[in-house]
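Participant: Here is what each chain is made of, one letter per residue.
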Amino acid sequence: MSSSHRLAPVSLGELFNAVQKKLPASVHATLCGSPDIPISAIAPLELAPPASIAFVSNVKYESLIDSTTADCLIVSPALGKRAKSRGACIEASDPYLFFAVLTQWWRARQRVGLESGVHASAVVDPTASIAATATVGPLAVIGAYAEVGEYARIDAHACLEAHAHIGANTHICSQVVVGFDCTVGQRCVVHAGVVIGADGFGFAQHAGEWVKIEQLGAVLIGDDVEIGANTCIDRGALGDTVIGNGVKLDNLVQIGHNVHVGEHTAMAGCVGVAGSARIGAHCTVGGGAIVLGHLTLVDNVHISAASVVMRSINKPGVYTGVFPLDNNSAWEKNAVTLKQLHSLRDRLRTLEKAVSCG
Amino acid sequence: MSSSHRLAPVSLGELFNAVQKKLPASVHATLCGSPDIPISAIAPLELAPPASIAFVSNVKYESLIDSTTADCLIVSPALGKRAKSRGACIEASDPYLFFAVLTQWWRARQRVGLESGVHASAVVDPTASIAATATVGPLAVIGAYAEVGEYARIDAHACLEAHAHIGANTHICSQVVVGFDCTVGQRCVVHAGVVIGADGFGFAQHAGEWVKIEQLGAVLIGDDVEIGANTCIDRGALGDTVIGNGVKLDNLVQIGHNVHVGEHTAMAGCVGVAGSARIGAHCTVGGGAIVLGHLTLVDNVHISAASVVMRSINKPGVYTGVFPLDNNSAWEKNAVTLKQLHSLRDRLRTLEKAVSCG
Amino acid sequence: MSSSHRLAPVSLGELFNAVQKKLPASVHATLCGSPDIPISAIAPLELAPPASIAFVSNVKYESLIDSTTADCLIVSPALGKRAKSRGACIEASDPYLFFAVLTQWWRARQRVGLESGVHASAVVDPTASIAATATVGPLAVIGAYAEVGEYARIDAHACLEAHAHIGANTHICSQVVVGFDCTVGQRCVVHAGVVIGADGFGFAQHAGEWVKIEQLGAVLIGDDVEIGANTCIDRGALGDTVIGNGVKLDNLVQIGHNVHVGEHTAMAGCVGVAGSARIGAHCTVGGGAIVLGHLTLVDNVHISAASVVMRSINKPGVYTGVFPLDNNSAWEKNAVTLKQLHSLRDRLRTLEKAVSCG
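Protein chains in written order, with our numbering: chain A, 18 to 375; chain B, 18 to 375; chain C, 18 to 375.
Excised from the complex, chain A in its bound form (with noise of 0.2 Å):
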């Protein structure tokens, strides 16, 4: 397991205390057992080391309540008898929040040791704008009149181009390319390898050859945006192509140009988002589906994992639209079968006259 969460072990009264402190007031959470238990690791319930604190959302696990060895469970109310009938445990109301927020405090106190300031490496514009209690990795490049916010962090060989502008508090990572006029929000975090702002896929057809059409728009990412490693995401032919608050993206995810992304939307890896295409808020889709161009999908509207979203969507919902996987002598019937399901369903009618008259 990764050496980064082998801290000096806290007491569970102080995590929980600090923990409690940063939860929404709509979240309650008791702590109960003693104190001053030491932690030194957050744990998969079935993995759990010496000094560990896992959590048990899902009452399909509850079986594992009393073997496993963690010394501390964070458990919804349902389970919370059975868990403090073996030890320490934290009930809360929504223990897969409280473990969230749990995470996040954790990966603070290793962040403690990261100074701010420009390496000596870093290539930076003079005209560009760099907060004082910002931090520029080894090599990175910063363009001319870029602007990167406070306690922002841009990672090594991470490149904002002309005019980028970084908000406070976010992380772009190692190699991620923010291309000439884009703009990111606040506490963002931009994953290594992604291409913010390259340009959107427009051609003129003139003799059987394509003619560029140059993307003079660009892209406006919101705060809280979160967009995985490899993700790109094209700016706009003339307007801008935009990602709204709150917005999570996956590894390998595909925006094209002018796309709009609705507030607080999650794709999942491997997303294909066709241009001009307007996503509603709210929605979630899942890896590997496609999404065509210049189609609309309301609020609310949840793609099934490896679909295609070949119309507008304008009613909320779940949609699907996948091969059933199946071995491959009975996949090859089939298949082969359904080239002919149109004229199954004409001798169906027919067969159905046939009885009916006969």
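For the record, the hints were derived by calculation from the structure and aren't laboratory data.
Because the structure is a prediction, the values reported are computed rather than measured.
Hints may contain errors.
Because identical chains share one entry, a pair is satisfied inside a single copy or across any pair of copies.
[Claimed, not checked] Calculated cross-link-like contacts (lysine-lysine; reagent style DSSO-like; alpha-carbon spacing at most 30 Å): (1) K356 with K38; (2) K229 with K98; (3) K101 with K38; (4) K370 with K350; (5) K98 with K370; (6) K77 with K98; (7) K370 with K332; (8) K39 with K101.
Since the structure of chain A is provided, determine the placement of chains B and C on it from the hints.
Facilitator: Frame of chain A, contents of chains B and C only:
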């Protein structure tokens, strides 16, 4: 909106003359209205700021002509009368092409400031050959015997490995890798994060393990090719992987080893082409489509988005294979039934015989 | 063709002896013909330049044996007679494996010139540990307490974050990021643009927004693993993401957090494996396939290209789920009918009852 198309205003007459000079002879355009109107932005029809020019190619958007605040409209002859009735317009036999050439001229005006030369922080092998008119950005790496042509532009953190060759007027964006021995032609654009010349995926099996086949070929990219961000083009196993002139690849496309892509073929985002496939000229491949290995597609084949090509295609046309999206509960019913499709066909046959005999 | 396999000629005898020494004992090979024939290229059968060696493993290509201009052919015993009748040949019990080992020996001849040591422009933390025989390329960044093993090679712009560990003889290509605490084993090849150790995609939902779960695990990669360009492997949430020995991943593959990939499993390009999936050993996953999260695939499961795995697979075998490609108009008819499939089945049942009763 991006600051980059807010340039100092130009007169409509100067704009028109400049674009007309670059239009193919077969395209006709006429300016109707005062050549003195100042233009400082190219804008989308529905969001046009003052002093802007917009275009309408699609009759679908005709209704926006009266309400747009653009100072000049680029229109087809069919829409000329309506456009003239509201103000200045450019009537073009191919308005989309006029618009494309306009965006090129506009972007060229912005690029005036770029100075040629090698940035002091770039690491250039003494045996490399870089044209005096080329530009090499900060922290780029140019390997042994690499060649960079006239007016080529190599951006920050790009890496040209040994014997890589970049043609004249080609733009290699940030953090592109052009592998050893690979060639990129003239007037190409290679967007950020592209990897040209990684090893193809070739292994022999022996005793349940994979034995590497070293990939001894290279990648050969023609002229006027555009390659989208984070796309990968693998080097050939023995011969070369070949991308023809005028090919356009979008972001996150995967081109396997030994693939040949014919001239002026375009592929949208997230397409995967497996090893040794031969794609013809003037083909299009929609986003997320997969082409299996060792297949041949003739010229003028068009594959719909997210379709899977499992056999060679010998006839031009449009080909599709996508499970239609449905609400999830309807999909579940149909997907389950799909596994019985072959037996349904058999039952239908039996029934047909019964009825015809009966 | 690439210049890199046009080396100074070697005699066929020297080549044969060198390869034979590296073959597994179970593979037998015999040289028929003069050992003095000079060989300066390994070539495809149909494009063999003078002084080249080629291989034919597939009886399908037998007809090319007479027409090829290669000076020596590597063939199976079944083709030995025919090959000998035209000139020199190497008869091998496994000609494809002989060819694989030959390419390895050939490539090794080209690498002779590479000097070990750390390039002056690399930025190496004073606490990092780099073996004296390792090579660190220009502008690479090696973080605090990172370790680079004997004969390892770290190319230009690669970034090893704090506590990253690279095993002996491993090749980290340009612009790879190996995240903090992550480990890559021995004799691995990690191609350009790969991101190892970005955060897994983990969020708790609260009041319609996503609350980040910090990813506290790491990535643990075994020995003899190859990872294709721009592939991403996320760090675990609490435990580690684990890639077994001998695994081969192609380009643009996404491996979610906590995934375990068993030994000697291979995945083609554009595959996505969602979080916490467990893939067995000796599996293959075809290009563009998607494996959903929290599933288990036993050993020796083979998923066809572009198929979607939505349930665990407990039995070895070949599994497929792809909508068959058709010309677009035929597809449209069948796709529309597919939405009625469940009701067609019901109608068929009704009809069956009517007929059997009638």
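Participant: Now look at each hint and say whether the structure bears it out.
Facilitator: Tested hints:
1. K356 with K38: neither (61 Å within a copy, 52 Å between copies)
2. K229 with K98: For K229 and K98, only the inter-copy Cα distance (28 Å) is at most 30 Å; the intra-copy one is 66 Å.
3. K101 with K38: Intra 23 Å, inter 65 Å, cutoff 30 Å: intra-copy only.
4. K370 with K350: both (28 Å within a copy, 21 Å between copies)
5. K98 with K370: Neither, since 65 Å and 56 Å both go past 30 Å.
6. K77 with K98: within (16 Å within a copy, 65 Å between copies)
7. K370 with K332: neither (37 Å within a copy, 38 Å between copies)
8. K39 with K101: This pair counts as within: shortest intra-copy Cα distance 24 Å, inter-copy 62 Å.
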